[in-house]
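Chemist: Here is what each chain is made of, one letter per residue.
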Amino acid sequence: MKQIFYDRIGESIYWETLPNGLQICVVPKPEHAKSYAFFATRYGGMDVRFQLNGQWLDTPAGIAHYLEHKMFDTKEGNALQELAKNGAEPNAFTSNAMTGYYFDSTEHFEENLKILLSFVSIPYFTEESVAKEQGIIGQEIRMIEDNPDWQLYTRMMQALYQKSTGRISVAGSIDSIKEITAQTLYDCHKAFYAPSNMILTVVGNVDPIHIVDMARSILPREGGPVIERDYGDEPEAVAQKETELNMEVSMPQFLSGFKCAAPEDGEEYLRCSLIGDMASDILLGDSSPLYLRLYDQGLINSSFGGSFEMMPGMAYLYAGGDSREPRAVAAAILEEAKRLTEEGIDEDFYQRVRKAGFGEMLRALNSFENIAVSLTEGYFNGFDAYRFPQVFDTITKDDIAAFLRQNIREEHAALSLILPREA
Amino acid sequence: MKETHFRIADGVYLTCLPAQKFKTSLLSAQFVTPLTESSAAPLALLPAVLRRGTVRFPDLGALSAELDRLYGAHLDYTVRKKGENQCVGFVSSFIDDTYAPGGEKLLEPMAALLGELICAPVTRSGRFLPAFVESERTNLVDAIRSMINDKREYADLRLMQEMCAGEPYGISRYGDEKSAEKINSQKLYAAYTELLSSARLELFYSGSAAPERVEATLLDAFSALPRELVRKTEYAGAHTPRQAVRTVTEELDVSQGKLGMGFACGSADPTALLMGNTLFGGSSNSKLFLNVREKLSLCYFASSMFHRSKNLITVSSGIELENYQKAFDEIMLQLRAVQNGELEDWELDGARSTLLNSYASMGDSQAKLENFYLGQAATGLEESPEELAIEVRKVTPERIFDAMKTVSLDTVYFLKGKEAAQ
Numbered sequence: 001m002k003q004i005f006y007d008r009i010g011e012s013i014y015w016e017t018l019p020n021g022l023q024i025c026v027v028p029k030p031e032h033a034k035s036y037a038f039f040a041t042r043y044g045g046m047d048v049r050f051q052l053n054g055q056w057l058d059t060p061a062g063i064a065h066y067l068e069h070k071m072f073d074t075k076e077g078n079a080l081q082e083l084a085k086n087g088a089e090p091n092a093f094t095s096n097a098m099t100g101y102y103f104d105s106t107e108h109f110e111e112n113l114k115i116l117l118s119f120v121s122i123p124y125f126t127e128e129s130v131a132k133e134q135g136i137i138g139q140e141i142r143m144i145e146d147n148p149d150w151q152l153y154t155r156m157m158q159a160l161y162q163k164s165t166g167r168i169s170v171a172g173s174i175d176s177i178k179e180i181t182a183q184t185l186y187d188c189h190k191a192f193y194a195p196s197n198m199i200l201t202v203v204g205n206v207d208p209i210h211i212v213d214m215a216r217s218i219l220p221r222e223g224g225p226v227i228e229r230d231y232g233d234e235p236e237a238v239a240q241k242e243t244e245l246n247m248e249v250s251m252p253q254f255l256s257g258f259k260c261a262a263p264e265d266g267e268e269y270l271r272c273s274l275i276g277d278m279a280s281d282i283l284l285g286d287s288s289p290l291y292l293r294l295y296d297q298g299l300i301n302s303s304f305g306g307s308f309e310m311m312p313g314m315a316y317l318y319a320g321g322d323s324r325e326p327r328a329v330a331a332a333i334l335e336e337a338k339r340l341t342e343e344g345i346d347e348d349f350y351q352r353v354r355k356a357g358f359g360e361m362l363r364a365l366n367s368f369e370n371i372a373v374s375l376t377e378g379y380f381n382g383f384d385a386y387r388f389p390q391v392f393d394t395i396t397k398d399d400i401a402a403f404l405r406q407n408i409r410e411e412h413a414a415l416s417l418i419l420p421r422e423a
Numbered sequence: 001m002k003e004t005h006f007r008i009a010d011g012v013y014l015t016c017l018p019a020q021k022f023k024t025s026l027l028s029a030q031f032v033t034p035l036t037e038s039s040a041a042p043l044a045l046l047p048a049v050l051r052r053g054t055v056r057f058p059d060l061g062a063l064s065a066e067l068d069r070l071y072g073a074h075l076d077y078t079v080r081k082k083g084e085n086q087c088v089g090f091v092s093s094f095i096d097d098t099y100a101p102g103g104e105k106l107l108e109p110m111a112a113l114l115g116e117l118i119c120a121p122v123t124r125s126g127r128f129l130p131a132f133v134e135s136e137r138t139n140l141v142d143a144i145r146s147m148i149n150d151k152r153e154y155a156d157l158r159l160m161q162e163m164c165a166g167e168p169y170g171i172s173r174y175g176d177e178k179s180a181e182k183i184n185s186q187k188l189y190a191a192y193t194e195l196l197s198s199a200r201l202e203l204f205y206s207g208s209a210a211p212e213r214v215e216a217t218l219l220d221a222f223s224a225l226p227r228e229l230v231r232k233t234e235y236a237g238a239h240t241p242r243q244a245v246r247t248v249t250e251e252l253d254v255s256q257g258k259l260g261m262g263f264a265c266g267s268a269d270p271t272a273l274l275m276g277n278t279l280f281g282g283s284s285n286s287k288l289f290l291n292v293r294e295k296l297s298l299c300y301f302a303s304s305m306f307h308r309s310k311n312l313i314t315v316s317s318g319i320e321l322e323n324y325q326k327a328f329d330e331i332m333l334q335l336r337a338v339q340n341g342e343l344e345d346w347e348l349d350g351a352r353s354t355l356l357n358s359y360a361s362m363g364d365s366q367a368k369l370e371n372f373y374l375g376q377a378a379t380g381l382e383e384s385p386e387e388l389a390i391e392v393r394k395v396t397p398e399r400i401f402d403a404m405k406t407v408s409l410d411t412v413y414f415l416k417g418k419e420a421a422q
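From first to last, the protein sequence lines are chains X and R. Mapping of the first sequence onto our numbering: position 104 corresponds to residue 104, and the numbering continues sequentially without gaps. Mapping of the second sequence onto our numbering: position 383 corresponds to residue 383, and the numbering continues sequentially without gaps.
By construction, these hints were calculated from the structure, which means they are not laboratory data. Careful: at least some of the hints might be erroneous.
Claimed, not checked - Simulated DEER-style distance windows between Cβ atoms: (1) R:Gly102 to X:Arg293: 22 to 32 angstroms; (2) R:Lys187 to X:Ser303: 23 to 33 angstroms; (3) X:Glu264 to R:Lys187: 55 to 65 angstroms; (4) R:Arg336 to X:Ala331: 39 to 49 angstroms; (5) X:Glu128 to R:Glu3: 54 to 64 angstroms; (6) R:Tyr235 to X:Tyr186: 54 to 64 angstroms; (7) X:Glu264 to R:Arg7: 52 to 62 angstroms; (8) X:Lys2 to R:Arg145: 51 to 61 angstroms; (9) R:Arg145 to X:Asp58: 36 to 46 angstroms; (10) R:Pro397 to X:Tyr124: 27 to 37 angstroms; (11) X:Lys163 to R:Arg336: 51 to 61 angstroms; (12) R:Pro397 to X:Asn91: 23 to 33 angstroms; (13) R:Ala210 to X:Ser129: 49 to 59 angstroms; (14) R:Glu398 to X:Trp150: 39 to 49 angstroms.
Quick caveat: nothing in here was measured; it's all calculated off a predicted structure. Cβ coordinates follow ideal geometry from the N, Cα and C atoms, glycine included.
With these hints in hand, go ahead and build the complete structure from the sequences.
Modeler: Have a look at this one:
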């Protein structure tokens, strides 16, 4: 086991890789009352087509999320109950590229960790229990379908991307989940829940040696083969310039998305993410000239915000909120990107955004969940997320300008709109 | 050692929680004032207008630049309902001095900025700039209208409005659309001067600075605050239970229905009710979660909440439209199970651990601490999370069953889809 110190952020991490390929990462937090465990597999909503035993398999949309729900079933009953008995608040999420199971607790941490490691590594479901879950997930899908934010985002992704499986809704659809059987779930578990495809992160007041010993004794001895995945061949052009939907909302909502160049793995992935974040702040962040002007003109309100996101083979910058004139805002974003690349970025503003950006990254380390998720994402994409100050140092104003020039262009843009129903 | 919560000036209180373990410090300034129909909207608008500029930083651009210079400090205006009080003000969070790359001190400039936002807003001829008031009023009206967008929150809000109609607790934290539309810069300025001189101010700090430094810095930052007419803080009155259950049904174009149920509690044992609620629907191990969701697959969510200041329990659930009666019956059945003590030991241990865990881990989150202590101050309670945890440890099953037997259905709110209309 090696311990690495990260002086600039006042943190340290114990890293260990087990013979079965499992990565373990322990972040000591001796002054906190709670400890947090996050056990994740590199398997999410976008992993619908992959190779198993030399054959390409096509699985239904929503299967990773379905599997996440069913993993809580155990031979004895339900792991949620087991953990809740000890006062732990267990939960899980499935994103495009990962599924993570987690809990935090102030008492019985090791007992809870044992339960977590066991239920995630031992699948237990029957045709009957799988069929029953359709009711619960069906209701979850209906609930998110009524949610304008979800509709906006999902429709933006479908407008931006033509082929990439990242455009598929993580929960799938009422129809797609009907095709899921106990057997497909077992197959997917076998392929993706092998220790070599997973990472365990523990943040808290714990003994790292003990954590490693527990993982070694509970999890399978063998890792698994590397799984080939097919995320689709994505062309540069967007699928659709604009998409709109009428819903029961009070005023128009919009997301303006820009398809960006996909990042490489390794520290370049982290660098690309930091550049994208900073470019987003400079283009349309709270203190940007564009934000201040649009706010003053009443074209946006405080719901307006932007973000830069990445997943395997995909990167996109998007921004939106409520607006009476969403198309005007979308056009203004493009114009501002053009202005910045032609006139250059103001030096004083750039230095301020840098300072603020560093503060934001440091602030994120207050949250155990944030720490665990970013270390996990880093591991899956080949970098150490705690090296952000060093990588941040290498970024220049030219990198930001180049990013804007390359990505924030008319031909990479798609606009998603939710409009109020006509009375 | 000093107490956690103490008075530093007339009607000004400071909650100071020294901590080294965070990367940030949190500083908050909140006025606590009675929630009323006429004042709710203007007071909700006030912090948004104040957030637009001060004498020294007269517009959003100047304020944002200052926040960037403070390493991306966050400065949010907040409008919250705590019991029957409305709390309005600012919460700021900034990286702790320990991590400032240039070794700068950040507490003093941040406290000064908070003081200026409250005591030295940008004005013209003795009132707020009309342009700021108008644009923030539009935003407030939009925010009130947009409450319908999230159907779960909307249903929870509507249940509360119907159940506590005529009581301050039924008023939304933003007030209503009509009174919001009527606000002008003159009226708002009058509400502002009244609030400044009469409402209690609750300050909160969590971070690495010593309490003496925090107190001195804040006294300095708020030295211009007028304090002639400070009123006594008032706390929530009990809900008057209905004789017959009131049922309200509303139709919207949605695919999932929302069933909300409000219960009045007669017991004066809040700890027992809190435990009873946790067993009923307050955790992922509760009777509602395990039966309504897991066993019967009737919904994706079904949970309950105990409103301590009003002695109410509310249930919130999302259901398939045709399952209304099934879900209603099952929720009532589960309530009776808790009332009759139909519980296994693990359920009781689990509920107790859930509450103890949430009290114990509160100290790990600055935002949770701030929200907790503001809630205590605004509802007239003094206990720390540790003291509440001791109460939870002591509560017996008999006390829980007795308290839950006083819980009776009061109001039902059902949001259904238009397609289902007959």
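Chemist: List, from low to high, the hint numbers that the structure doesn't satisfy.
Modeler: 4
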